[in-house]
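Next come the chains, spelled out residue by residue.
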Amino acid sequence: MDYEILRLVWWLLTGVLLAAFAATDGYDLGMAALLPFVAKTDEERRAAINSVGATWEGSQVWLILGGGAIFAAWPPLYAGAFSGFYFAMLLVLWALILRPVGFKFRGKVDDPRWRNVWDWALFVSGFVPALVFGVAFGNLFLGVRFGFDADLRFHSEITLFSLLSPFALLVGLVSLSMLVLHGAAWLLYKTTGPVAARASRVMPYAAAVYAALFTAAGFWLVNLDGARVTSVVDPNGPSNPLLKTVATVPGAWLANAYAHPSLWLLPLGALVAAGLAVRLRARPLRAFLASALVPIFTIATAGSALFPFLLFSSSEPGMSLTVWDASSSKLTLGIMLGAAAIFLPLIVAYTGWVYRVMRGPVDSVY
Amino acid sequence: MDVVELSRLQFAITALYHFLFVPLTIGLSVLLGIMETVYVMTGRAIWRDLVKFWGTLFGINFAMGVATGITMEFQFGTNWAYYSHYVGDVFGAPLALEGLIAFFLEATFVGLFFFGWERLSKVEHLIVTWLVAIGTNFSALWILIANGWMQFPVGARFNAETMRMEVSDFMAVLFNPVAQAKFVHTVSAGYVVGSVFVLAVSAFYLLRGSHAPIAKRSMTVAASFGLASALSVVVLGDESGYTAGQNQKMKIAAIEAMWHTEPAPASFTLFGLPNMKDRRTEYEIKVPWVLGLIVTRSVDQSVPGIDEMVARAKERIKSGLIAYDALDRLRRDRGNARLRATLDAHAADLGYALLLKRFRPDVTSATPDEIARAAQSTIPDVPVLFWSFRLMVAIGFWLIALFALSFWLSATRQLDRWRPYLWAALLSLPLPWLAAELGWVVAEYGRQPWAIEGVLPTFLAVSSRTATDVTLSLLGFVLFYSALLAVDVFLLVKYVRLGPAPGHAKEEAA
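So the protein lines, in turn, are chains R and L.
Last residue of the first sequence: 365 (numbering that gives the first Met the number 0), numbering continuous.
Last residue of the second sequence: 509 (numbering that gives the first Met the number 0), numbering continuous.
For the record, the hints were derived by calculation from the structure and aren't laboratory data.
Source: prediction; values computed, not measured.
Positions of the beta carbon are idealized from the N, C-alpha and C atoms, including for glycine.
Hints may contain errors.
Derived list of chain R stretches under chain L, where covered just means 3 residues or more per stretch with a C-beta under 8 Å from a C-beta of chain L [stated by the list, open to error]: (1) 91-100; (2) 288-294; (3) 322-332.
Chain L extracted, bound-state conformation (with noise of 0.2 Å):
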């Protein structure tokens, strides 16, 4: 493998761990949030006992967040120092923001969280324990501001002085619709899983015939929150759609395996077998107008499919070309305005002439061969989206339904009546974390070719960093993260095991 593709292993490697601890933070912090609020409010102990408890497996799951969520921050410099170099004007912004805003609430008030049970009055902890949640889901705003800009890179403009992209709007970068669909998606994923989390231990301590008490009322909480999550992450992942519609139209391509342009109103495709060599779709099974409604809210607007979308880029690099070569001029002749002028008029397209330096460093001599190939090089991995994309969507319908039969379990005081019930939530367990996984490989895979949608691609940039230095960091980043995954999961489930017990706020410590 090259320096490019190892990079990319080890980010996507990286990150998808990362995201193993940040959703349940996420969720758990809220949860945490709704437990005490009722601590607060009825001043039954049993509440705080619930707090204590799953604090303490949150505080688990917190640290491997946080320690993993540096390897991402040092990542975009060490690995992808072109990329660093080339969109950290717009991008270093809101990473930078959330450092300001959020972490830095959030990882101050956690160790009070712990360590305050003592010291602060029941409002004061539970303000604490607010502002712990707060600063966890501003964090992921400012994350996904900064990511739907990957997806989206709105408010920015070329610079040919600096060779960069700058902020020209930054109010455009903050309200960018992707940044804010994904924010919400995100965050109602975390919900999910924290919720899924607390359902499943619960269940699995009421078929254990352990803690009925706290297991019954966790699940309460779990079952109408996570309803409440569940619905929310389905109706504005529709959203997301809605944003990449109007976007990134060849990742809704390939998410479809859409080979063909549809006609209005569009058709969804339900199962099928894409196969890529040769451009088509086996035993497809559609759903009329589905498709239509989802991408363009309307039943009278066509949805581009893959072809079509390949014969826009390359027109688009062609006109890329035209910038590429008035960059190259300019150089040379820093002041010359009419070139300036030129490359202004075709700024926009300069990310695709870049395509071009996969097949040879002087792009403007391109043979016309070498620009259909570039233009080919668009379309991404066509079955793993459409596999990926359905996967999730089929965890997030089964987890609606295990939501609402919890929560009229739960309306009708039944939790533990039925065992099978138990059972399936007790194995749904590692769904949601399979289906957010998943979501980002919708995402982010979708992305490619590119690193910032049309303005950067993922070839380009890279560190200058060798295959063996790249290699030797990815061994070790699978040998210590092997390792610490190991040491977490026992960890969970030996206090998942040990259950609730008076006392917890002493065990915190050290």
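The following block holds chain R by itself, in its conformation from the complex (with noise of 0.2 Å):
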């Protein structure tokens, strides 16, 4: 296989790795965003989280395997995001920390305070990383200001505050409401009473909150600056990023919509997988599994738009991370992918066979 190719198949492989994580433990961080709100009383409370708590720490090792994946396959963004997103990553790595410790010490102590301590530490290990999440997606497209020196290493005059931008903070809020929406369509499946209920209510809510703000953050990108590669690109050169020049130019991430307009269907499957999520709750499982198309959308319509740009440099557009120039070497491409051939469907079927043992509804002894 060519180098161009193995970048392409990797570029979608991580898409697919993120778009699994968001589908899968998702619903675990809307869950647990929406605890303290849905389920009132510890029986409740004991039941929503119970819900997930035989498989949603397989789900979240879709983000550990994301991650090395960034780190095998992308070496230079790996380097670059984790670093100049620094404490943003820090506030996230820490959220989720609160994660297992959070389900499995709260049924330890039978103590109403320290149960309830442990509910909002779980709130937080929701919430926390759906907004921050969101909120690095909008700092994508607006860019950070970033650079290399002539050895590559990696610059930044990126702080916490200045990744809180307007629209950063509404790509946030559409993470945010996105992943409360696949909560609670798998609190409706997967517990019965008064939480079904609540969650059920909140659905409408949620995905009303996600339409409108996932379409203002497509109205603001005509006018918001995209990048655009200018030199001639050799999507089998070396990694490199200091060999290219790229233009900022106003809507340029509508730019491959524009160019092939299939790819509007994108964000058009998105909003419909959000209305479907509403309308079709009286038959839970497949609301959940709408629900569950809406993050796989959304990942799409973000990344197709900013293809082939992996990170974008608002100080130095010519040092910008791309598909073509931010990979590692074709041989560490070449074997990861061979591994992944291989694991990635075992993955999937115990994955699947774990979800069919624990299928139905769970109380509060499960």
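Dock chain one against chain two, each of which comes alone in its own frame, and use the hints as you go.
If you want it as structure tokens, here you go:
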């Protein structure tokens, strides 16, 4: 396989991993963000937590695997995004640390104060990552101020506050409402009684907020400065981001969709899926499957708009990272693709088996 | 402290903290597999109670291991960005494969381990337990392949066009002898930690006179498994010493506080007071031949001392400067084949030239004095390594003795007869953790000044963050982790005191 094809495949595969994370662990995050509001009594909260008890740990590995895949397949992106978004990453990390301990420790002491503290810790563990992942995506469109020196050492002028611009926060809320919708759909499918009823009532609001903000973000892109490569691109060239020129052009993030109109189906799919999730609430499993499509289409929309850019530098546009100049070597991409081809289907198979074993509604004793 | 020291401190603290939980997970996962196998084969309910009781403690520990493990993955990117760029092509692959092949398996089935008792048949549940254990152990394999490459960077070469190391032979990375030796040494150490944990907690029950049937059975399993594991830790630690002797000669010399080359057959320093300033070791007690046998597996090869390794480093710095100069010119003249050939000829020493960056950015104009200082900087902290290693080994031998005694007592059915023995088992509880952490100190602190041995100095590997940024995150970790540790220990103590009780399965649910 050519280097070009391998890079393209890995770009798709990275997107698949992120989408798998959002579609599976996304509902765990959404559930946790909803926990104190849709489940009032200890009994109800235990039921809500038990609904993800057996599967959330496996789902979280999609994120860990996504991170590992970025490390292995896009080392400059890994170096840049993680060190550039330093405190945002740490916020997500610390929130994610609260999750395993929250799930495991909450039920270990029979005391209302103890359990209440962990319920709010779980809320933070869902709310913060759901918001910050969106904020990070927003910044991929806005671009961040970074560059490289001649040794390809990444340097940036990014602070936590420079990441919190209005557009980025808007995208953060898109992500939050999307995962709240997904978490509510899961609770509707997996629990019974008052929790399911409250989750069902949340869904239309979450879907409406999502649809409105997602559409608003799309319109915002019309005048937003995007990036376009202006030099000749060698898709088989070395992974060195210093060898190209890039222009900043208003509305450039819509260029791919104008060039390939079928790409409009992706945002359309996201909106339709959100609507279907609400409409299908009488058949909870279908509503849940529809809501799982929302993050998949949303990530596909964002990825296809940004292509071939991975990380856009607003201060040194020429040093932006693209699919063609920020990958690992051809050999590494090839080996990793082979491993993914063998093990991803296996993972899907045994995860499917676990879901089958755990099928059906749960309650407080589960 | 500057950003390099802060980043190192943060990595050391978070890694050592993570490793409080990892070896117990590794050890208990296999012990649970063994206990449940006995349950399925004998059908006796008491073995099921055993699995559920140790499973509860396993769960508390597992949550902490997973939580703190995410930190390790994130941290390469957040704090070691140049490292991630420079070696991500090689180092990232085993980390990604760990997730793909091992951690996914472990994390997917651990949920069923706790939630599947009522939904699975006995044999199905047993398979799930073993899949968790297999995932856990394979996870360690991939992490140690990544770590082994930091100690012995085989199968990769420098690419001037991308300014980084790239894989040239993936099989060499995979079957790196250092990684293999480290893997078996580390998982065996995990089995020892798990066994001592089971042994000590059971001894606590016998001292208190409660839960004797469960405690004795647990001790029997822990004694035999622990004895085999403790023996293999020492044997395979010796294998580690041999592979390090092939590659990290400076580390060996520092562990031995051996300033001058030991003529064959080299003797082992049992005790001494290493003095970094005067470059000598006072009050040495030496055992003839032993070091030569460990490190060279021969009686006719010498073991190089620190001074000789510094002299070799100086030569490699000079060779590295030729590579660096060629690389510098190549940037302005990308197609020049002669420069490329010069670079390739000296690329193996390029990392040594980078050591000079500590003294000046334009390393090609380094003075002889700076070259000498850079060569000196390849000496790790001798007293720390000397003592960490000896303490680790001493604990290893003590635990072998403890397990051997336990094995004999359990075989002769006298486990509850000798209170001094039970106290010794209980008080040994922290020792395997101490040994495991000291092992990492030897391995990683002994690797200094390198992030990747001979390839990338640690001080160049950091992210371009400010010292304030890292101080803040370090403070955050210290506070957050301390609070979590307090909660974790509180819960473990609570559940140990509570002891095994029927009906643990329901409590697992929230």
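Status of each hint after checking the structure:
no.	hint	verdict
1	91-100	holds (count 8)
2	288-294	violated (count 0)
3	322-332	holds (count 4)
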